[in-house]
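2 protein chains.
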Amino acid sequence: MPVSQNIKVAVDAVVFGYTSKEGLSVLLIKRDIEPFKDMWALPGGLVGDEESLEDAVHRELKEETGISITYLEQLYSFGKPGRDPRNRVISITYYGLVKPDAFEVCADTDAGDAAWFNIKNLPLLAFDHPEIIETAWKRLQSKILYEPIGFELLDEKFPFSELEKLYVAVLDRPIDRRNFKKKITQFGFLDETDEKQTLGGAGRPGNLYRFNVKKYFRLKKAGINFEI
Amino acid sequence: MPVSQNIKVAVDAVVFGYTSKEGLSVLLIKRDIEPFKDMWALPGGLVGDEESLEDAVHRELKEETGISITYLEQLYSFGKPGRDPRNRVISITYYGLVKPDAFEVCADTDAGDAAWFNIKNLPLLAFDHPEIIETAWKRLQSKILYEPIGFELLDEKFPFSELEKLYVAVLDRPIDRRNFKKKITQFGFLDETDEKQTLGGAGRPGNLYRFNVKKYFRLKKAGINFEI
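Which chain is which? The protein sequence lines are A and B, in order. Okay, so the first sequence: first residue is 1 according to the UniProt record's numbering, each after it adds one. Okay, so the second sequence: first residue is 1 according to the UniProt record's numbering, each after it adds one.
Some hints here could point you the wrong way.
Chain copies aren't distinguished; within one or between two, either way the pair holds.
Derived lysine to aspartate or glutamate pairs resembling EDC-like cross-links, with alpha carbons at most 16 Å apart [as the list claims (entries may be wrong)]:
(1) LYS21 with ASP113
(2) LYS80 with ASP49
(3) LYS80 with GLU50
(4) LYS8 with GLU50
(5) LYS80 with GLU51
(6) LYS143 with ASP49
(7) LYS80 with ASP55
(8) LYS8 with ASP49
(9) LYS30 with ASP49
(10) LYS8 with GLU51
(11) LYS80 with GLU54
The hints are simulated quantities; they were obtained by calculation from the structure and are not laboratory data.
Just chain A, with the same shape it has in the complex:
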């Protein structure tokens, strides 16, 4: 067993956002220090001695991007020697989901810059961050098929077509729309409101829907399987 150790611990976060205009997107920061100066990277940094891993993620996101997130989940720990050219840094990674208004608020940053990038059009990334984003996307793809976490990415009220488009963007494949609507509706956690979609394109504007968290937790407690 090693007696001394020269390893540092960081957290990095893959924050996903979605709008039908921007598509499924990831929040990145531009590094203003070496290594990989001026390259894009995931927001993150060293964990403080007294703070929990989750607190470190929230603090780094606040400092580097100005964003607060409500949904956060641990992803994986990346620890290969050499993944950081300076010294050994193990990154405990998380993924988070934000509402569409987060696309407006990433001006306040202590990094060089912070911006959203469509997941299919990412810039050149520092470190092993492409692998981390790939892992996070896969996790999101598998999780959205058995837990309705997609609602964390939508406004409180949304047209049904927006939910469909979100699933297509996350899964990166077409879905059977009729079957999808049937399943989602049958789960019973979606409320149809009286409000109409205001910014419609062609066709009749549909009603807006809302995710009913209380109903969801009641159904979950009853052991309902939310597999799509």
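Following the hints, put chain B in place on chain A, whose structure we already have.
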């Protein structure tokens, strides 16, 4: 962002073994140093500066229990400040599966002692190790329902009843035996051999089965869903 850091990184492993006699069991070591001296704990220890996380797990298992494992997967990173009474230690945990003969080979240890414990009859454990074992068991329970990793816990050839009993032990609930046999057989990755079970109880001895890894990977590649 913190500039200095006083955090150490350890790995800990939840190694599962199974025999119909022992049931689903976890490999533990008896601590011979403070804190928690003489209490049982998961095998693990600090990560060496130059070794990968997985190499650290294999090394610690070898040193503390004498066991080599073939199946190893990262579980979760536990990092709450205060989880170790000495200094801040973040544990990157793994779970592993071993074949039944591993029950014979844990004599060689640099810890005070190493032994198997049935998962439903664990001793008092050091640190947050009960939470880590609970997390590992849940992961194993969910994974065994969509990936045939149970075979990693069985001998090369086994009576079908042994596979059934393994699932009951892992899931900790009864299963519909007829439905289970039908599903497992339909997947097509199980070969029935000509050999008979030698140590039968009552009734006719059944044929032994073997997991066909090649067939499994072929089916997996073809996109077969192995959900039970």
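Going through the hints against the structure:
1. In this homomeric assembly, LYS21 and ASP113 never come within 16 Å of each other (Cα to Cα): the closest approach is 22 Å inside a single copy and 61 Å across copies.
2. Taking the closest pair of Cα atoms, LYS80 and ASP49 come within 16 Å of each other only across two copies (10 Å); inside a single copy the shortest separation is 22 Å, beyond that limit.
3. Proximity of LYS80 and GLU50 under a CA criterion of 16 Å is satisfied inter-copy only: 9 Å between copies versus 25 Å inside one chain copy.
4. Taking the shortest alpha-carbon separations for LYS8 and GLU50, both the intra-copy value of 14 Å and the inter-copy value of 13 Å come in at or below 16 Å.
5. Within a single copy, LYS80 and GLU51 get their C-alpha atoms only as close as 24 Å, which misses the 16 Å cut-off; across copies the closest is 8 Å, which meets it.
6. Neither within a single protomer nor between protomers do LYS143 and ASP49 lie at most 16 Å apart by alpha-carbon distance, with minima of 32 Å and 34 Å respectively.
7. Taking the closest pair of Cα atoms, LYS80 and ASP55 come within 16 Å of each other only across two copies (10 Å); inside a single copy the shortest separation is 24 Å, beyond that limit.
8. For the homomeric pair LYS8 and ASP49, the shortest alpha-carbon distances inside one copy (11 Å) and between copies (10 Å) are both at most 16 Å.
9. Taking the closest pair of Cα atoms, LYS30 and ASP49 never come within 16 Å of each other, the shortest separation being 26 Å inside a single copy and 29 Å across copies.
10. Proximity of LYS8 and GLU51 under a CA criterion of 16 Å is satisfied in both settings, with 15 Å inside one chain copy and 14 Å between copies.
11. Taking the shortest Cα distances, LYS80 and GLU54 sit within 16 Å of each other only across copies (9 Å), while inside one copy they are farther apart (22 Å).
The earlier numbered hints that this structure contradicts are 1, 6 and 9.
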